[in-house]
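First to last, the sequence lines map onto chains A and B. Quick note: to get my numbering, add 7 to the position in the first sequence (first position is 1). Quick note: to get my numbering, add 8 to the position in the second sequence (first position is 1).
Calculated directly from the structure, the hints in this document are not laboratory data. Ideal Cβ placement from N, Cα and C applies to all residues, glycine included. Just so you know, not all the hints are guaranteed correct.
[Unchecked claim] Distance ranges between label pairs, derived from CB positions:
1) B/E48 with A/G244: 24 to 30 Å
2) A/A154 with B/S291: 53 to 59 Å
3) A/A153 with B/A47: 22 to 28 Å
4) B/S291 with A/Q197: 48 to 54 Å
5) B/H159 with A/D110: 32 to 38 Å
6) A/G244 with B/D27: 26 to 32 Å
7) B/G161 with A/A212: 41 to 47 Å
8) A/E274 with B/D39: 55 to 61 Å
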Amino acid sequence: MATTESTDRADLIERLQGIARELRIRDLEMIIEAGSGHPGGTLSAADMIAALFFHTLRLRPEAPHWPDRDRFVLSKGHCIPIVYTAMAKLGYFPEEELKTLRDLGSPLQGHPDRTQLPGIEASTGSLGQGLSIAVGMALAGRLDGAAWRVFCMMGDGEIQAGQIWEAAMWAGRHSLDNLCAILDANQVQQTGKVVERLDIEPVVAKWRAFNWHVREIDGHDVAQILDALEEADLVTGRPSLIVSRTIKGKGVSWMELNPSWHGKAPEGEKAEQALAELRGGHA
Amino acid sequence: MGAATREAFGEAIVRVGEDPRVVVLTGDLRDSTRTEDFAERYPDRFFECGIAESNMLGIASGLALEGKVPWACSFSTFVAGRFETVRMSVAYQEANVRIVGTHSGIGVGEDGYSQMSLEDIAMLRTLPNMAVINPADGIETQGAVEYLVDHQGPVFLRLTRQGVEDVNGNGYRFEFGKAVPLREGTDVAIVATGAPVGEAVKAAELLQGDGVSASVLNVHTLQPLDEEAVLEAATRRRAVITVEDHSARGGLGGAVAEVLASRNGSLAPLRIIGMRTFGESGSPAELYEKYGLTGDGIAGTVRDALKDVS
Numbered sequence: 008m009a010t011t012e013s014t015d016r017a018d019l020i021e022r023l024q025g026i027a028r029e030l031r032i033r034d035l036e037m038i039i040e041a042g043s044g045h046p047g048g049t050l051s052a053a054d055m056i057a058a059l060f061f062h063t064l065r066l067r068p069e070a071p072h073w074p075d076r077d078r079f080v081l082s083k084g085h086c087i088p089i090v091y092t093a094m095a096k097l098g099y100f101p102e103e104e105l106k107t108l109r110d111l112g113s114p115l116q117g118h119p120d121r122t123q124l125p126g127i128e129a130s131t132g133s134l135g136q137g138l139s140i141a142v143g144m145a146l147a148g149r150l151d152g153a154a155w156r157v158f159c160m161m162g163d164g165e166i167q168a169g170q171i172w173e174a175a176m177w178a179g180r181h182s183l184d185n186l187c188a189i190l191d192a193n194q195v196q197q198t199g200k201v202v203e204r205l206d207i208e209p210v211v212a213k214w215r216a217f218n219w220h221v222r223e224i225d226g227h228d229v230a231q232i233l234d235a236l237e238e239a240d241l242v243t244g245r246p247s248l249i250v251s252r253t254i255k256g257k258g259v260s261w262m263e264l265n266p267s268w269h270g271k272a273p274e275g276e277k278a279e280q281a282l283a284e285l286r287g288g289h290a
Numbered sequence: 009m010g011a012a013t014r015e016a017f018g019e020a021i022v023r024v025g026e027d028p029r030v031v032v033l034t035g036d037l038r039d040s041t042r043t044e045d046f047a048e049r050y051p052d053r054f055f056e057c058g059i060a061e062s063n064m065l066g067i068a069s070g071l072a073l074e075g076k077v078p079w080a081c082s083f084s085t086f087v088a089g090r091f092e093t094v095r096m097s098v099a100y101q102e103a104n105v106r107i108v109g110t111h112s113g114i115g116v117g118e119d120g121y122s123q124m125s126l127e128d129i130a131m132l133r134t135l136p137n138m139a140v141i142n143p144a145d146g147i148e149t150q151g152a153v154e155y156l157v158d159h160q161g162p163v164f165l166r167l168t169r170q171g172v173e174d175v176n177g178n179g180y181r182f183e184f185g186k187a188v189p190l191r192e193g194t195d196v197a198i199v200a201t202g203a204p205v206g207e208a209v210k211a212a213e214l215l216q217g218d219g220v221s222a223s224v225l226n227v228h229t230l231q232p233l234d235e236e237a238v239l240e241a242a243t244r245r246r247a248v249i250t251v252e253d254h255s256a257r258g259g260l261g262g263a264v265a266e267v268l269a270s271r272n273g274s275l276a277p278l279r280i281i282g283m284r285t286f287g288e289s290g291s292p293a294e295l296y297e298k299y300g301l302t303g304d305g306i307a308g309t310v311r312d313a314l315k316d317v318s
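Same shape as in the complex, but just chain A:
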């Protein structure tokens, strides 16, 4: 029995690793096609997004407004392409539409727009605001006695914004245990290292002090991601934060931890090199 379970777990991890690799490739392809976007923070989030959308979240892509679905809010809205790739693979919209990212009239807006694309729970892109919306959703779920849960992914640069801490204080005070936030701590923001722009550490101690259950993981280790998401599901009386330690630009060697690739699409030879690394590598 134990052997079967561990084999199943190993299969799941392998499947999610494969999906994450595929999402990274699609993600970079669409950003290259669009000619603009934010590759760094999409590549850092890919493993977590794969685990969420292909294992943890209860979703019905054919019925995006299914009332009992889990809610996912991408507070770091500029990284939406990696979510689009997951949604396309799940069948929310045809995969060909990925090519229309950032095009005039496309539902795949440069930052997510819930009114344009069913399945997007909240329009985001002005950093620091998504967690409050997720808190409101979790509160509504509690008022209705609903079983669905709310997940919210933030960036590490993003939590420099004061509104994040307003939301953290409120969710902790109100013991919103149907809320799981994820900090994609990829170490780099638009113009440099987070530690150099405005250091956010010690994040674990800070969120614990706000009455959150905090688990710190290697955000590129799918086994650790799954453990943390499962643990968050079991926590009662407190919201959960997963501090997902990641590498901005993960999977493309020269993008990794390089602020230049925060908000720029690779072109020409660089684009080919980046895709080749993702296709050949162990992202």
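With chain A's structure known, arrange chain B on it following the hints.
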């Protein structure tokens, strides 16, 4: 003097609270926003957010996206003033949030400028889907609150701290987006919104003594604006005077100017009464007198306008 519009809101929100979708949030201002009765009656649907208005607006948005009808209540400048959050977390989401801002305008009085919202109408009416409602009196406020429970889309409801003149009778029915003609008049039109509407009526009475026939139009809904009523006011009259306890730029006067300037034909010239400086401390009555928002002050501006056009 009638009651403050925040008082009417406090009564109405308890009544509409029978609807289980209604949720009320405040930022440590349950007393000032008159939401204490709601809190007592419906403690499970009342949420204290502390002095953290951006988060309150975001929570309201999340509640609205899940089918609730949240009313986020604070001083107007602390909620409308969180413009970037209103823009992104409320308006762009098309969330059914009701942003309730009390303490609008210089009518706040002694607390002075920091508590006076003079820019809220101008800011929020730039958001394409934001309904902006600035009731003139208590009965209009109650009607607006009852209407807004089922309105689709984000709303800004602008209320007063101070008592205001009752201008609408007991049979009044609030009609969203429809300006209310309060008085007929053929020489000039006074187009007013919010607290000073009662003063505009007084001005028309004073002008009648001078032989000037002034109509009064109460524009409670600034967005969507009743353009037809505004155009009618500017037709076959010698002047249009707008009156608001708000900046003279971008509010009612600005909205009326946009309508009039976009039409051909011989429309009456426009004078805008509103704030052109920051506010200051003083009693509401003293401030209304100083800044030309009393019946006397409005009548004086009308006389000046008529001199200019004659």
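A quick look at each hint next to the structure:
In this structure the hint that B/E48 and A/G244 lie 24 to 30 Å apart at CB holds, the actual value being about 27 Å. One distance hint, 53 to 59 Å for the beta-carbon pair A/A154 and B/S291, holds here, with the actual separation near 55 Å. In this structure the supplied range 22 to 28 Å holds for A/A153 paired with B/A47, their Cβ-Cβ distance being about 24 Å. A hinted range of 48 to 54 Å for the beta carbons of B/S291 and A/Q197 is consistent with their spacing of about 50 Å.
For the pair B/H159 and A/D110, the beta carbons lie near 34 Å from each other, so the given range of 32 to 38 Å is met. Between A/G244 and B/D27 the beta carbon distance is about 30 Å. The supplied range of 26 to 32 Å therefore holds. Separation of B/G161 from A/A212 is about 42 Å and conforms to the stated range, judged on CB atoms against 41 to 47 Å. A C-beta distance of roughly 59 Å is found between A/E274 and B/D39, which places it inside the suggested range of 55 to 61 Å.
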